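Engineer: Given chain B, put chain D in place with the hints provided.
Keeping their order, the protein sequence lines are chains B and D.
To convert, note that position 232 of the first sequence is 232 in the UniProt record's numbering; the numbers rise steadily by one, no gaps.
To convert, note that position 153 of the second sequence is 153 in the UniProt record's numbering; the numbers rise steadily by one, no gaps.
I should point out that these hints are in silico values taken from the structure, not numbers from a laboratory.
Warning: the hint list may mix true and false statements.
Calculated pairs, BS3-like style, for lysine-lysine (alpha carbon to alpha carbon, straight line, at most 25 Å) [unchecked claim]: (1) LYS242/D - LYS184/B; (2) LYS242/D - LYS229/B; (3) LYS191/B - LYS268/B; (4) LYS180/B - LYS8/D; (5) LYS268/B - LYS184/D; (6) LYS180/B - LYS191/B; (7) LYS8/D - LYS104/B; (8) LYS229/B - LYS237/D.
Computed Cβ-Cβ distance ranges for the label pairs, DEER-style [stated by the list, open to error]: (9) PHE259/D - VAL187/B: 17 to 25 Å; (10) THR279/D - SER8/B: 40 to 48 Å; (11) PHE50/D - THR162/B: 50 to 58 Å; (12) PRO63/D - LYS191/B: 48 to 56 Å; (13) SER42/B - LYS237/D: 24 to 32 Å; (14) PRO97/D - THR106/B: 47 to 55 Å; (15) ASP193/D - SER8/B: 43 to 51 Å; (16) THR162/B - GLY241/D: 51 to 59 Å.
Please read all numbers here as calculations on a predicted model, not as lab measurements.
Note that the Cβ used here is the ideal one computed from N, Cα and C, for glycine as well.
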Amino acid sequence: MQITRTQSVLAHVTLIVSILVIAFPVFFALITSTHSFQESFSFPPKFHVGSHLLENYRTAWERVNLGRLLFNSTLISVAVSAGKILLSLLAAFAFTYFGDFRGKTTFFILILITHMLPLPIRIVPTFELVEDFGWMNTYYALTIPFFASATGTLLFRQFFLTVPNDLADAARMDGAGPMKFLWKILVPLSKTNMLALFMIEFIYMWNQYLWPLIVTHTDDMRVVQIGLKMLLAGEEQAAEWNVIMAGTILAMLPPLIILLILQGSFVKGFAMRQEK
Amino acid sequence: MESRFPNKILPYLLVMPSLLVVLVFLIVPSIQSFYLSLFRVSPFGNVLIFKGLQNFIHLFQDPAYLNSLIRSFFFTGFIVVVGLSISLGLAVLANLPLAGVDIYRTALIWPFALSPAVAGTIWALLVDPSTGPITYFVQLATGLRLNWMTNGDLALLIVTVAATWKMLGYNVIFFLAGLQNVPKELLEAAHMDGAGSFRRFWNVTFPLLSPTTFFLFIMNSLYGFFEVFGLIDVMTKGGPGKATDLLVYKLYEDGFVNFRTGYASAQSIVLFVFVAILTILQFRFAGKKVFYR
Numbered sequence: 001m002q003i004t005r006t007q008s009v010l011a012h013v014t015l016i017v018s019i020l021v022i023a024f025p026v027f028f029a030l031i032t033s034t035h036s037f038q039e040s041f042s043f044p045p046k047f048h049v050g051s052h053l054l055e056n057y058r059t060a061w062e063r064v065n066l067g068r069l070l071f072n073s074t075l076i077s078v079a080v081s082a083g084k085i086l087l088s089l090l091a092a093f094a095f096t097y098f099g100d101f102r103g104k105t106t107f108f109i110l111i112l113i114t115h116m117l118p119l120p121i122r123i124v125p126t127f128e129l130v131e132d133f134g135w136m137n138t139y140y141a142l143t144i145p146f147f148a149s150a151t152g153t154l155l156f157r158q159f160f161l162t163v164p165n166d167l168a169d170a171a172r173m174d175g176a177g178p179m180k181f182l183w184k185i186l187v188p189l190s191k192t193n194m195l196a197l198f199m200i201e202f203i204y205m206w207n208q209y210l211w212p213l214i215v216t217h218t219d220d221m222r223v224v225q226i227g228l229k230m231l232l233a234g235e236e237q238a239a240e241w242n243v244i245m246a247g248t249i250l251a252m253l254p255p256l257i258i259l260l261i262l263q264g265s266f267v268k269g270f271a272m273r274q275e276k
Numbered sequence: 001m002e003s004r005f006p007n008k009i010l011p012y013l014l015v016m017p018s019l020l021v022v023l024v025f026l027i028v029p030s031i032q033s034f035y036l037s038l039f040r041v042s043p044f045g046n047v048l049i050f051k052g053l054q055n056f057i058h059l060f061q062d063p064a065y066l067n068s069l070i071r072s073f074f075f076t077g078f079i080v081v082v083g084l085s086i087s088l089g090l091a092v093l094a095n096l097p098l099a100g101v102d103i104y105r106t107a108l109i110w111p112f113a114l115s116p117a118v119a120g121t122i123w124a125l126l127v128d129p130s131t132g133p134i135t136y137f138v139q140l141a142t143g144l145r146l147n148w149m150t151n152g153d154l155a156l157l158i159v160t161v162a163a164t165w166k167m168l169g170y171n172v173i174f175f176l177a178g179l180q181n182v183p184k185e186l187l188e189a190a191h192m193d194g195a196g197s198f199r200r201f202w203n204v205t206f207p208l209l210s211p212t213t214f215f216l217f218i219m220n221s222l223y224g225f226f227e228v229f230g231l232i233d234v235m236t237k238g239g240p241g242k243a244t245d246l247l248v249y250k251l252y253e254d255g256f257v258n259f260r261t262g263y264a265s266a267q268s269i270v271l272f273v274f275v276a277i278l279t280i281l282q283f284r285f286a287g288k289k290v291f292y293r
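Bound conformation, chain B alone (with noise of 0.2 Å):
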């Protein structure tokens, strides 16, 4: 479809102007962050990049170990993404390749229910839950109640549908098992659907706030997240942003490299069948 130059133009200055405003709040977070305290405590406030970047990163990092967190949230995000990833891998093949077996329905509607049950709505049992198993505080409560993943079973399923019949059928004649049909023929022509879900799933968990601060409480077991609510602690009166704003660029930097990384892979393989 053909628009005029008028439209083109106003369509680019809208975008521009928008894309200004969406940015500015990380912009600035990005220019406090270079800050000196002084500078960042100025009112009005100043927008030019400071020359204290390297000073306030490593304030940062060590006031609240820094690098532990992020490690500690690295490993429960790719952990969690790999585990989600190969439960529904598994799953969505049950469901797929073997007929109707005894119990298929019930087992499809317990999982896919998983989407109306958010952690809220089971928040304190199962936190008494995870302390029966004497887990608080470990890797495992961070991680091991995150595995199912409705939506990467339905995303799984809906494509192994699409997937012709003749492949499996071949496989079989050819003598390939079930679990050597599926390592060597679904998971490489899934690769699209994977990398979305790790995407989502990745960004997903380096974000949960509430389950780390309840199953946690040790500074060694905290996830970065919550190490932004430790550097705003005590800040009440005047907040030395500068150092936060440092902390906050470096819990924000992982996601956005990843997203930046596999949007491409994100939109073919999620969002474009999302509502089909």
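Structural biologist: Positioned in the frame of chain B, the structure of chain D alone reads:
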């Protein structure tokens, strides 16, 4: 469905890991929430006193809970209405055949990667009463010195704007994907019939986009009710007064600060009712859309 691999045991083994996690960490605890909501639980959890529906009656007579309910509905309603309108507008523009459109798209979707806690921390900086740039701009424009740490309604508005901002990227991604599924031929045909760009959008694109819009309505509602704890915790801790004491924050405080387990569980069940309503809507709608597709 025909079985491609005749194997009686394998499908059960394949489903088992997912099923185990779902049952142990999701379904059983949810049922326990129902059970606990009928009791008063002593602070150490060792004594349970049956209360029937008392917790629920108490809940809806509690001004603090009703306050939390109203403020959560404002918060979520704003995210849905304002957030989706802005996102749709931006997605429509970024779907036009413009030079550099890929760069625009990327520049619109990245806020998706930010966490609610990150959004909260950055917005706390922007509206800091003594140093924030937004405080400064507002003062330049109106002469007013805003202090959201003392003005409850302002605080609610600010956490709401911060939460909406964070969701823009997610919404734009799905609207863009939805727009790319709108058949070009239909738009061409409408163009031939003399429909202007506004008519084409309103009569062709928008109805065809309704599955996406509805999906995003559900996701944004769930976000507004369930996923904003971090944002509130870093920005306001429910204050000033109880102005930003949203449902999920109150639930946390009653359950994990005041140790009123039964009372907190009753709040969980009210939240479950919201999810159930949204889910039913989703199923009804998903059934209908087949009609005109």
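Engineer: Indicate, hint by hint, whether the structure satisfies it.
Structural biologist: These are the hints, each one checked on the structure:
| no. | hint | in the structure |
| --- | --- | --- |
| 1 | LYS242/D - LYS184/B | 57 Å, violated |
| 2 | LYS242/D - LYS229/B | 20 Å, holds |
| 3 | LYS191/B - LYS268/B | 11 Å, holds |
| 4 | LYS180/B - LYS8/D | 17 Å, holds |
| 5 | LYS268/B - LYS184/D | 19 Å, holds |
| 6 | LYS180/B - LYS191/B | 17 Å, holds |
| 7 | LYS8/D - LYS104/B | 12 Å, holds |
| 8 | LYS229/B - LYS237/D | 11 Å, holds |
| 9 | PHE259/D - VAL187/B: 17 to 25 Å | 47 Å, violated |
| 10 | THR279/D - SER8/B: 40 to 48 Å | 42 Å, holds |
| 11 | PHE50/D - THR162/B: 50 to 58 Å | 53 Å, holds |
| 12 | PRO63/D - LYS191/B: 48 to 56 Å | 55 Å, holds |
| 13 | SER42/B - LYS237/D: 24 to 32 Å | 27 Å, holds |
| 14 | PRO97/D - THR106/B: 47 to 55 Å | 49 Å, holds |
| 15 | ASP193/D - SER8/B: 43 to 51 Å | 23 Å, violated |
| 16 | THR162/B - GLY241/D: 51 to 59 Å | 54 Å, holds |
In terms of the numbered hints stated before, the structure departs from hints 1, 9, 15, listed from lowest to highest.
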